[in-house]
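Q: If you want the building blocks of each chain, they are given just below.
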Amino acid sequence: MSEPFLIAEGMTGGYGAADILHNCTLKVETGEIAVIVGPNGAGKSTAMKAVFGMLKLREGQVRIGGKDITHLTPQARVAEGMAFVPQTSNVFPTMTVEENLEMGAFLRRDDIRGTMEQVYSLFPILKDKRRQAAGELSGGQRQQVAVGRALMTQPRLLMLDEPTAGVSPIVMDELFDRIIEVARSGISILMVEQNARQALEIADHGYVLVQGANRYTDTGEALLADPEVRRTFLGG
Amino acid sequence: MDLLNAIVALANFVLIPATAYGAQLALGALGVTIIYGILRFSNFAHGDTMAFGTATVILVTWGFQAMGIGLGPLPTALLALPVGIALTSLLVLGTDRAVYRFYRKQKAAPVILVIVSMGVMFIMNGLTRFLIGVDEINFDDGTRFIINARDFKEATGLAEGLALRSTQVITVVTAVLVVAVLFWFLNRTRTGKSMRAFSDNEDLALLSGINPERVVVYAWLIATALATIAGTLYGLDKTFKVFNYFQLLLPIFAAAIVGGLGSPVGAIAGGFLIAFSEVGVTYAWKKVAGYALPEGLEPDGLLQLLSTEYKFAVSFVILIAVLLFKPTGLFKGKSV
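Just so you know, the protein sequences line up as chains A and B, in that order.
Each residue of the first sequence is one higher than the one before, counting from 1 in full-length UniProt numbering.
Each residue of the second sequence is one higher than the one before, counting from 1 in full-length UniProt numbering.
Among the clues, some could well be false.
[Said to hold, decoys possible] Derived contacts from chain B toward chain A, CB cut-off under 8 angstroms, selection only:
id: 1; residue: K193
id: 2; residue: R196
id: 3; residue: D200
id: 4; residue: N201
id: 5; residue: L204
[As the list claims (entries may be wrong)] Straight-line distance between alpha carbons at most 25 angstroms, and here's what the computed DSS-like set of lysine-lysine pairs gives:
id: 6; chain 1: B; residue 1: K241; chain 2: B; residue 2: K311
id: 7; chain 1: B; residue 1: K287; chain 2: B; residue 2: K153
id: 8; chain 1: B; residue 1: K105; chain 2: B; residue 2: K334
id: 9; chain 1: B; residue 1: K107; chain 2: A; residue 2: K56
id: 10; chain 1: A; residue 1: K27; chain 2: A; residue 2: K56
id: 11; chain 1: A; residue 1: K129; chain 2: B; residue 2: K332
id: 12; chain 1: B; residue 1: K153; chain 2: B; residue 2: K286
id: 13; chain 1: B; residue 1: K105; chain 2: A; residue 2: K56
id: 14; chain 1: B; residue 1: K311; chain 2: B; residue 2: K326
[Said to hold, decoys possible] Here are some chain A residues the structure puts well away from chain B; computed CB gaps all over 12 angstroms:
id: 15; residue: G10
id: 16; residue: A17
id: 17; residue: N23
id: 18; residue: K27
id: 19; residue: G31
id: 20; residue: E32
id: 21; residue: G66
id: 22; residue: G114
id: 23; residue: Q132
id: 24; residue: S185
id: 25; residue: D218
Just so you know, these hints were derived from the structure itself, not from any lab.
These numbers were taken from a predicted model, which means no experiment stands behind them.
Ideal Cβ positions, reconstructed from N, Cα and C, are used throughout, including at glycine.
Here chain A stands alone, though its shape is the one from the complex:
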């Protein structure tokens, strides 16, 4: 079997003197959804930021499609096919939805209309609101703009930092459905989620982090079935 599309191996590092991540490993296969869950302060978002190069690693390496990108800046990783949707302030609030998508495709010099149509067919509501400022949209719609903006770069790996933070349960289900659809189109997805149970339900692989280290790693289904994981992280 060929190696997974994204491999982040043995990541150790933090923002300052103290390490937050301890030998943390994440892998994502092409077109699959990997979810990072864990208690507050477990370093979930930090692990994702490390994958994206927003954090200096002391040890470990990150490879995408077999290429070592450990020393690339986040911007250079975008060019390598990574796209990142931050948890907060992930849209350009005074710009219209359409302009937000255009900015997502800033680096592309080819015709972006096809990709934009794909985003609109994925999130039909955005097409209706394309002339509206993104800052005026509801939380769920704004998340859609944020995901849409990231998709405009035609990434091979989409990273989502708590995409459902602060949206209603109905909108959350809707967003998860869309994320599955994105994965089906062949884009790998790495996602940090607070709503662990729902996220593991759609996950091919789940990583339970505790204090910056891998605690449990398995398929989403197996993690959900594991009584130990259920008791400690999913509330029974």
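Place chain B on chain A using the hints.
A: Here is chain B on its own, set in the frame of chain A:
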């Protein structure tokens, strides 16, 4: 009661001068607001950038005049404007390279950049004085009037004259053109949109692959062009004196903040609001009131709310009033 004369007097002493002044302030405030939006600090050197820009325009104008090149009825300065903008851009971009970039690399707090810009302001101020001197310079060599007060009186038979100086028309026409081009640039071009994106959300702009140094260079170029144009128009309309431009910084900042820092529409609205209030409050309304009010009610006093020496106070009263009720300005700028 003589409404016609009242309207003419009002137009002559308030509406026309305030519109021209408002256009000059608006262009100045646009420059301040663009630097604030992109570089995230209030650029105190903007007034002196205007002074330096105008000084270079004047020098080039003199050069053109010596060579016998002119624009006929239009001031030669308009021809010198592009050269002046180019020269001033060199100085401003050089300053960015030598000074601001150092602090940008360090991710210095905005308040530090403000202090840095004050230092730049003093140096630019001195530089301009060395370059062109401290005296008043009148460099308008075009036709002075489009409508002359005496001709107007003769033609209409009214007691009040209406004067429309060509510099006032040039100011407004140029301002409209510049603003139209600027808004087209910001809303329609890729580079302009990337500047708005950078101003909106710097981190996300980086994630989208927008090059911050490029955006910064464009911001300086646009701000410099706006400053030089505003300064030249102001100098044509009145006269050029380095110190006046330093003082102009106050109403320009007031305009930018009242409109909402970072909002181009706000800067324009703020410019006109400040200009009209300043002229309106310091104008002696006796004459207009004398015409407009019924016989017997004519006022004895001058009806001047503030003497002209206090005109800068007007900006600040408006500033305080607006900020008390709308802390981010009239057009929802970034919080100060």
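Q: Are any of the numbered hints broken by this structure? If so, which, sorted upward?
A: Structure breaks no hint.
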